[in-house]
Amino acid sequence: MRTMIAATVLTLSSTISCAQTIQDLEAEAAKLPALKASIYGTQLTGARELGAALAGKSDAQGQPIFEAATRPVRIGESFQMTVEMVRPGGARQDVTADPRTKYAGTGCLLTSTSGFITVAQDVGPCRPGMVTELWVSMVDQQNRSQAWNRYVFKIVE
Amino acid sequence: MDSKNFIRCWWLVALLLPACASAQDNRLLYLDWRGGAGSALALTCQETWRRGCSPSTYWIEKADDFAAVQAQVVRDFIPMAGHTKPYWGGTMTCGAATVSVVPPHLVTFCCPSTPWVARVTLTQQCTYADQLGRTSGPYQSEVSLGVNGDCERPAFARTGGFGSTGECYRPQGGPCIKYPENTTTGCNKTTADMYATMPPPGDLKLIFHQAQTCLSHQACNARCHMDNCKWLEVVLPDFVGLYLRFEREWPQVAQACDTYRSLGLPLPQMACAGRMANYHIAADLADALTRHGCGTQRDWDMVYEVIGSCPTTGDPVIRQTVRSLRNEARATCLYRRTAQGFNPSIEEPYRGQVCGQ
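Protein chains in written order, with our numbering: chain C, 1 to 157; chain D, 158 to 514.
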């Protein structure tokens, strides 16, 4: 199975070019194992699932869906993510602290290799009201992603 | 700034230019500036110590503002720290130069075609020594160049007649010149600069740059339908310019993008674009809005509507994220400007549907 996934990733990596868009990227991600993240037992809605929920909706229709999927966090708060990889057959594996699991925020978030996240004002700017994203990716030995997802957080007072 | 303060400030410019660098006379927007000496005041190289000049009349290339012409004059002419040069068989020694400025002012009664005039004067104390070592007493060497502000842009007109403000403007209902017809002024120049600096394939900045280029282009095209056209023409170059010049925290933001390579994504530029957009909206946009006004709700919504045609914002999650970040930036602007006692929507000089190119 792992060999097959790696082959799929290799094929995808070689065919995806910069002419492709985030939609292409998400479409390709859907064919790969899924990453499911949670915080202290509460499941987060990833961009893969959120994108599907927002498809075909107007901005106004999509706004409450987006906000419901956005996890509120406070500046200074820290939390431990739990990340599971769900294979196409349904098998689940906790990969939170797996060295192949990579975390990166797009602002406000400090990440550790074990999935411990801190909301930091100095990764900024970072103000209440802002939204930010956390990317989670599971890579193979060649540092190519086998699965990825991203999660939206909102900074609150 | 009221008119008395404005005049006081402009006169201070002559003595202390940097202190008033942020002052802006709305009437000077969209003028084309040239400085130099015409044939009647032909200045030779020997007379002016101008570097690399031809001994003929001197005119500076057209510039967007008076400050650029002034800077060019200073660069082109005498060494500011002083110099010693051969002169008529002897030696001329001059001390450090001082710059004095008669700032742009309107002269409607004498020069109907060029009512905006200014002057830049460079002064040095010099002595002359001949071959026998005899010296002349110190005397003042002065180079003084006139600077004209003209209204020359296509589809623009200048207010004229007695009591005129001399403003150069695009008449209401006149053509709204867009990129690529205009690549040299206002938000069209910003769009042109974005296209001209497109990163190569594989560069981590590529997707953000592509998206911001499209956003700049579309927003700038929409300005002529806005409540306050000038507002967009000022805000957009301000906040996009911070990225183009890689100022403030941009080097660190770009450096942070390298960490996204560890994600191993087929398209690592996507995560980088998220980081860059987050910073650009929360820092650059929020601050530019705070400086110039948060815009009317109608103009704000119009920008969001037109940038919807850009490919990157076609993804619903990105679109919602951008919308949320934009609205937070505007809320921050409204809070800051209200707290500072400013009109939340707009700085007065940028009000109105008539604006530049």
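Just so you know, these hints were derived from the structure itself, not from any lab. Treat the hints with care, since some could be wrong.
[Unchecked claim] Covered stretches of chain C, going by a simulated chain D footprint (3 or more residues, C-beta under 8 Å): (1) 31 to 39; (2) 46 to 60; (3) 77 to 88; (4) 131 to 140; (5) 143 to 157.
[Said to hold, decoys possible] With a straight-line Cα cutoff of 25 Å, these simulated DMTMM-like cross-link-like pairs (lysine to aspartate or glutamate) come out: (6) D:Lys-346 x D:Asp-287; (7) D:Lys-335 x D:Asp-287; (8) C:Lys-154 x D:Asp-287; (9) C:Lys-57 x D:Glu-462; (10) D:Lys-346 x D:Glu-406; (11) C:Lys-154 x D:Glu-309; (12) C:Lys-154 x D:Glu-406; (13) C:Lys-154 x D:Asp-384; (14) C:Lys-57 x D:Asp-222; (15) D:Lys-242 x D:Glu-309; (16) C:Lys-36 x C:Asp-140.
Glycine is no exception: its CB is placed at the ideal position from the N, C-alpha and C atoms.
Q: Starting from Lys-346 of chain D, check that the Cα of Glu-406 of chain D is at most 25 Å away, please.
A: Answer holds: Lys-346 of chain D to Glu-406 of chain D is near 23 Å, not above 25 Å.
Q) Are there at least three residues in the segment 77 to 88 of chain C whose beta carbon sits under 8 Å from a beta carbon of chain D? A) violated (count 0)
Q) Has the given pair, Lys-57 of chain C with Glu-462 of chain D, been kept, meaning a C-alpha gap of at most 25 Å? A) 15 Å, holds
Q) Between Lys-154 of chain C and Asp-384 of chain D, is the straight-line Cα distance small enough, at 25 Å or below? A) 32 Å, violated
Q. At a Cβ distance under 8 Å, does chain D reach at least three residues of the segment 46 to 60 of chain C?
A. holds (count 7)
**Q.** Agreement of Lys-346 of chain D and Asp-287 of chain D with the hint, judged by alpha carbon distance not exceeding 25 Å
**A.** Violated: Lys-346 of chain D and Asp-287 of chain D sit about 53 Å apart, past 25 Å.
Q: Report holds or violated for chain D covering the segment 131 to 140 of chain C, Cβ cut-off 8 Å, minimum 3 residues.
A: holds (count 7)
Q.
Does Asp-287 of chain D sit within 25 Å of Lys-154 of chain C, going by the straight-line distance between their CA atoms?
A. 78 Å, violated
Q) Within 25 Å, alpha carbon to alpha carbon, are Lys-57 of chain C and Asp-222 of chain D? A) The hint is violated at about 47 Å.
Q: Take the C-alpha atoms of Lys-335 of chain D and Asp-287 of chain D, compute the straight-line distance between them, and say whether it is at most 25 Å.
A: This hinted pair is violated, its Cα atoms lying about 60 Å apart.
Q. Given the hint that Lys-242 of chain D pairs with Glu-309 of chain D, does the C-alpha gap stay at or below 25 Å?
A. Judged against 25 Å, a Cα distance of about 40 Å means the pair is violated.
Q. Does Lys-154 of chain C pair with Glu-309 of chain D here, judged by a C-alpha cut-off of 25 Å?
A. Answer violated: Lys-154 of chain C to Glu-309 of chain D is near 49 Å, above 25 Å.
Checked against the numbered hints given earlier, the structure breaks hints 1, 3, 6, 7, 8, 11, 13, 14, 15 and satisfies all the rest.
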